[in-house]
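Assemble the whole structure, with the sequences as input and the hints as a guide.
Protein sequences appear in the order of chains L and Z.
Under the working numbering, the first sequence has 2 at position 2, and the numbering climbs by one with no breaks.
Under the working numbering, the second sequence has 123 at position 123, and the numbering climbs by one with no breaks.
Hint data in this document are derived by calculation from the structure and do not stem from the laboratory.
Keep in mind the model is a prediction, meaning the values are calculated, not measured.
Among these hints, one or two may not hold up.
Not everything, but these chain L residues come out facing chain Z in the computed CB check (under 8 angstroms) [as the list claims (entries may be wrong)]: (1) Gly27; (2) Thr88; (3) Gly96.
Derived Cβ-Cβ restraints for the label pairs, each shown as a range [stated by the list, open to error]: (4) Thr13(Z) / Val101(L): 41 to 49 angstroms; (5) Leu158(Z) / Ile70(L): 34 to 42 angstroms; (6) Ile106(L) / Thr13(Z): 26 to 34 angstroms; (7) Leu148(Z) / Gly99(L): 25 to 33 angstroms.
Even glycine gets a Cβ: it sits at the ideal position worked out from N, Cα and C.
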Amino acid sequence: MADATTETRAPEEAAPPARTAHGRHPGPREYIRIAMILAVVTAAEVAIYYIEWVQEQGLLIPLLFLFSLIKFSLVVLWFMHLRFDSRTYARFFLMGLAGAVTLYLIVLLTFRTFAN
Amino acid sequence: MATIEHAEHPTSTGLPSTKLAMWLFLASDCLLFGALISSYVLYRGASLVGPYPNDVFDIPYTSVSSFVLLASSLTMVLALNAIQRGDHGRTRVWLLATALLGMTFIGGQVYEFTVFHDEGLSLTTNLFGTTFYVLTGFHGTHVAVGILMLLTLLSFSLAGRLPQERAEAVELVGLYWHFVDIVWIVIFTVVYLIPTGSGPA
Numbered sequence: 001m002a003d004a005t006t007e008t009r010a011p012e013e014a015a016p017p018a019r020t021a022h023g024r025h026p027g028p029r030e031y032i033r034i035a036m037i038l039a040v041v042t043a044a045e046v047a048i049y050y051i052e053w054v055q056e057q058g059l060l061i062p063l064l065f066l067f068s069l070i071k072f073s074l075v076v077l078w079f080m081h082l083r084f085d086s087r088t089y090a091r092f093f094l095m096g097l098a099g100a101v102t103l104y105l106i107v108l109l110t111f112r113t114f115a116n
Numbered sequence: 001m002a003t004i005e006h007a008e009h010p011t012s013t014g015l016p017s018t019k020l021a022m023w024l025f026l027a028s029d030c031l032l033f034g035a036l037i038s039s040y041v042l043y044r045g046a047s048l049v050g051p052y053p054n055d056v057f058d059i060p061y062t063s064v065s066s067f068v069l070l071a072s073s074l075t076m077v078l079a080l081n082a083i084q085r086g087d088h089g090r091t092r093v094w095l096l097a098t099a100l101l102g103m104t105f106i107g108g109q110v111y112e113f114t115v116f117h118d119e120g121l122s123l124t125t126n127l128f129g130t131t132f133y134v135l136t137g138f139h140g141t142h143v144a145v146g147i148l149m150l151l152t153l154l155s156f157s158l159a160g161r162l163p164q165e166r167a168e169a170v171e172l173v174g175l176y177w178h179f180v181d182i183v184w185i186v187i188f189t190v191v192y193l194i195p196t197g198s199g200p201a
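Here it is, written out as structure tokens:
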């Protein structure tokens with residue numbers, strides 16, 4: 001006999017985490033939890049933009065970068081499954097990211113942006 | 001009608017070549033957006049004539065666009081989860097939802113560009129206009145390409161040509177879609193939220 005608890009639940013909730021050839025991917029509940037965190041962090045980002053005290057203390061830019069990094073990491077690790085998949089994919093992506101950051105620094109240093 | 005099973009071919013890495021290729025492509029796309037974001041930051045505050053960022057940006061409006069794109073990432077992973085479970089009905093619903101949210105984002109961007117243009121900011125007005133339109137325009141093009149891929153997957157699914165065994169196709173499009181999302185996370189912070197002066201440096 002089928003489990004009564006499973007039958008009364010919505011199909012999305014009852015769904016087990018998907019298993020792929022390269023590891024376990026999260027289930028819908030975990031995805032929704034991550035999306036809610038992303039929404040809250042985005043709301044916080046926009047909120048601190050309007051708080052003058054944060055700007056006066058020089059905290060705005062560090063906080064914005066921190067929030068951005070949190071959102072970036074959550075999407076890459078959970079939604080893109082780098083936390084669950086082979087590390088080879090992560091190495092490929094980090095290679096690109098490192099290249100982009102290097103390019104960014106070279107451009108800014110070449111044009112003496114930090115000298116001003 | 002005969003159906004064709006696509007078995008995974010063994011590879012030297014033990015990983016699917018298509019997925020590896022997609023990650024390599026995304027790594028190279030990091031460089032493209034790295035160059036465009038660098039250009040924007042480099043010329044930040046260097047425009048000699050207006051309009052300047054603070055004159056045209058509407059943060060509440062762009063925040064809603066950001067929420068829309070974040071929501072589309074959720075519907076995308078739900079589509080992937082559905083096809084991995086063999087639930088084709090939900091796969092179609094979530095693919096369509098993702099495409100519609102993407103279209104909403106693009107519609108919002110077109111409206112934003114129109115408003116900015118009416119306020120006197122064109123591609124050639126000043127350095128801000130050039131770097132802003134090129135950066136956000138490239139991002140918008142990526143979103144548009146993603147929408148085409150989603151609609152292609154949806155049509156394949158409706159035609160019965162997207163079986164559970166081909167879930168990797170949805171995963172690949174999903175990787176591209178989430179990449180577009182993370183690029184927007186950076187653009188939203190660097191371009192819109194980090195304050196710039198309202199006049200020439």
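Right, here's what the structure says about each hint:
no., hint, verdict
1, Gly27, "holds (7 angstroms)"
2, Thr88, "holds (6 angstroms)"
3, Gly96, "holds (3 angstroms)"
4, Thr13(Z) / Val101(L): 41 to 49 angstroms, "violated (26 angstroms)"
5, Leu158(Z) / Ile70(L): 34 to 42 angstroms, "holds (38 angstroms)"
6, Ile106(L) / Thr13(Z): 26 to 34 angstroms, "holds (31 angstroms)"
7, Leu148(Z) / Gly99(L): 25 to 33 angstroms, "holds (27 angstroms)"
Consistency with the previously given hints fails for number 4 only.
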